[in-house]
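Engineer: Construct the entire structure; sequences and hints are all you get.
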Amino acid sequence: MNATSHSIQLETEGNCDILDLTDSLQRVVEESGVVRGQANAMVVGSTAALSTVEFEPGLVDDDIESALEDIAPEDGHYEHEKTWGDDNGHSHVRATLLGPSLALPVVDGEIPFGTWQQPVLLDLDTRPRSRTVVVTVVGE
Amino acid sequence: MNATSHSIQLETEGNCDILDLTDSLQRVVEESGVVRGQANAMVVGSTAALSTVEFEPGLVDDDIESALEDIAPEDGHYEHEKTWGDDNGHSHVRATLLGPSLALPVVDGEIPFGTWQQPVLLDLDTRPRSRTVVVTVVGE
Amino acid sequence: MNATSHSIQLETEGNCDILDLTDSLQRVVEESGVVRGQANAMVVGSTAALSTVEFEPGLVDDDIESALEDIAPEDGHYEHEKTWGDDNGHSHVRATLLGPSLALPVVDGEIPFGTWQQPVLLDLDTRPRSRTVVVTVVGE
Numbered sequence: 001m002n003a004t005s006h007s008i009q010l011e012t013e014g015n016c017d018i019l020d021l022t023d024s025l026q027r028v029v030e031e032s033g034v035v036r037g038q039a040n041a042m043v044v045g046s047t048a049a050l051s052t053v054e055f056e057p058g059l060v061d062d063d064i065e066s067a068l069e070d071i072a073p074e075d076g077h078y079e080h081e082k083t084w085g086d087d088n089g090h091s092h093v094r095a096t097l098l099g100p101s102l103a104l105p106v107v108d109g110e111i112p113f114g115t116w117q118q119p120v121l122l123d124l125d126t127r128p129r130s131r132t133v134v135v136t137v138v139g140e
Numbered sequence: 001m002n003a004t005s006h007s008i009q010l011e012t013e014g015n016c017d018i019l020d021l022t023d024s025l026q027r028v029v030e031e032s033g034v035v036r037g038q039a040n041a042m043v044v045g046s047t048a049a050l051s052t053v054e055f056e057p058g059l060v061d062d063d064i065e066s067a068l069e070d071i072a073p074e075d076g077h078y079e080h081e082k083t084w085g086d087d088n089g090h091s092h093v094r095a096t097l098l099g100p101s102l103a104l105p106v107v108d109g110e111i112p113f114g115t116w117q118q119p120v121l122l123d124l125d126t127r128p129r130s131r132t133v134v135v136t137v138v139g140e
Numbered sequence: 001m002n003a004t005s006h007s008i009q010l011e012t013e014g015n016c017d018i019l020d021l022t023d024s025l026q027r028v029v030e031e032s033g034v035v036r037g038q039a040n041a042m043v044v045g046s047t048a049a050l051s052t053v054e055f056e057p058g059l060v061d062d063d064i065e066s067a068l069e070d071i072a073p074e075d076g077h078y079e080h081e082k083t084w085g086d087d088n089g090h091s092h093v094r095a096t097l098l099g100p101s102l103a104l105p106v107v108d109g110e111i112p113f114g115t116w117q118q119p120v121l122l123d124l125d126t127r128p129r130s131r132t133v134v135v136t137v138v139g140e
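Residue numbers (our numbering), protein chains in the order written: chain A, 1 to 140; chain B, 1 to 140; chain C, 1 to 140.
Mixed in with the good hints there might be a few duds.
What the hints assert, rightly or not - What follows is a list of derived Cβ distance ranges for each label pair:
1. B:75 - A:20: 27 to 35 Å
2. A:22 - C:31: 32 to 40 Å
3. B:57 - C:69: 22 to 30 Å
4. B:82 - C:84: 21 to 29 Å
5. C:20 - A:11: 25 to 33 Å
6. A:33 - B:22: 29 to 37 Å
7. A:30 - C:22: 30 to 38 Å
8. B:13 - C:70: 23 to 31 Å
9. C:27 - B:75: 24 to 32 Å
10. B:57 - C:22: 33 to 41 Å
11. B:9 - C:61: 15 to 23 Å
12. C:82 - A:11: 32 to 40 Å
13. C:15 - B:11: 24 to 32 Å
Hints were generated in silico from the structure; no laboratory data involved. Beta carbons: idealized from backbone N, C-alpha and C, even for Gly.
Structural biologist: Structure below.
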């Protein structure tokens, strides 16, 4: 049994920029040497989230953002913006609804995502950000 | 310490079919022999999700689907459907919002769900599907 | 390698009461003795959820609840309430959308949350509740 920690660094454009983590996560599992076990991935920060999506332009550039704009509109009223003079109340609300983490199984040295299923970072903030996804892998 | 992997196979009706995973997941933990540790469960595919719900007909047959229909309507406009000629843009958006995985603790050889809390697969696609939930259990 | 289980007990006010779990979770990791590995946290019950948020009054007392009220209004129509004569259909729907668990990495004996990112319990029920968050920590 083995436990390793890894850090994935990403530069985003913010504003619902969605980045494909497939290669980064599979590389982390390979580096860990774990063949069977699990990986916990969490994005650091309160205006980003992790999930999975079919990584094609229609969903990634339009449909996900449209749905989030309906749920928490960019020009809505947010008390958060009074607290700090910020402009990103919608970013925080969206991030909390989506959630910061993924609980991933590792089987045969890989995470068994579907062919059309890509793990992604969603950067919901209003400006470009440097992001860190922390991953630990435990198993044998 | 021990790490095992398991695959739960399910036949769904699609269209927000919600299936109770309680027995499958508790059986997986029993098979693993792990008494204390954790289970990571992930559905394979980008039009399904995992969560928990009180598994009673009001929520499972009506209320969850109604809320998802408000968030991402079946007859809404989705760029995804232009990309592929598909009809399931809403399925993808709903799945990304709900998320594909559950991070479960294992205590005394069981997952300590509440009495009225059932783990579920939500199949959000527009047709019946064969689904796989992959689970790994790590612990002692 | 080591696997420990922990139980965090909380008294809430219900009605979208949001409680900061930072100290409780970091204490659990400290008690576990695990330096590198992972923690799976799950709230017991079907009307509460776990996520992360910047724990400041604007978001915690207003903005998150407003977004959830748009998604699943308290005075909406819920078949769940016909089944049981309950008044908390919206609580269940919100909990299922948010999800019950967090998949947390442990690095250098801590969970690497961001400075402005706090793990929280959201109690979505319509009355004060005693809540249990179960956490298991696995690693070395």
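Engineer: Check the structure against each numbered hint from earlier and tell me which ones fail, lowest number first.
Structural biologist: 4, 9, 11, 12, 13
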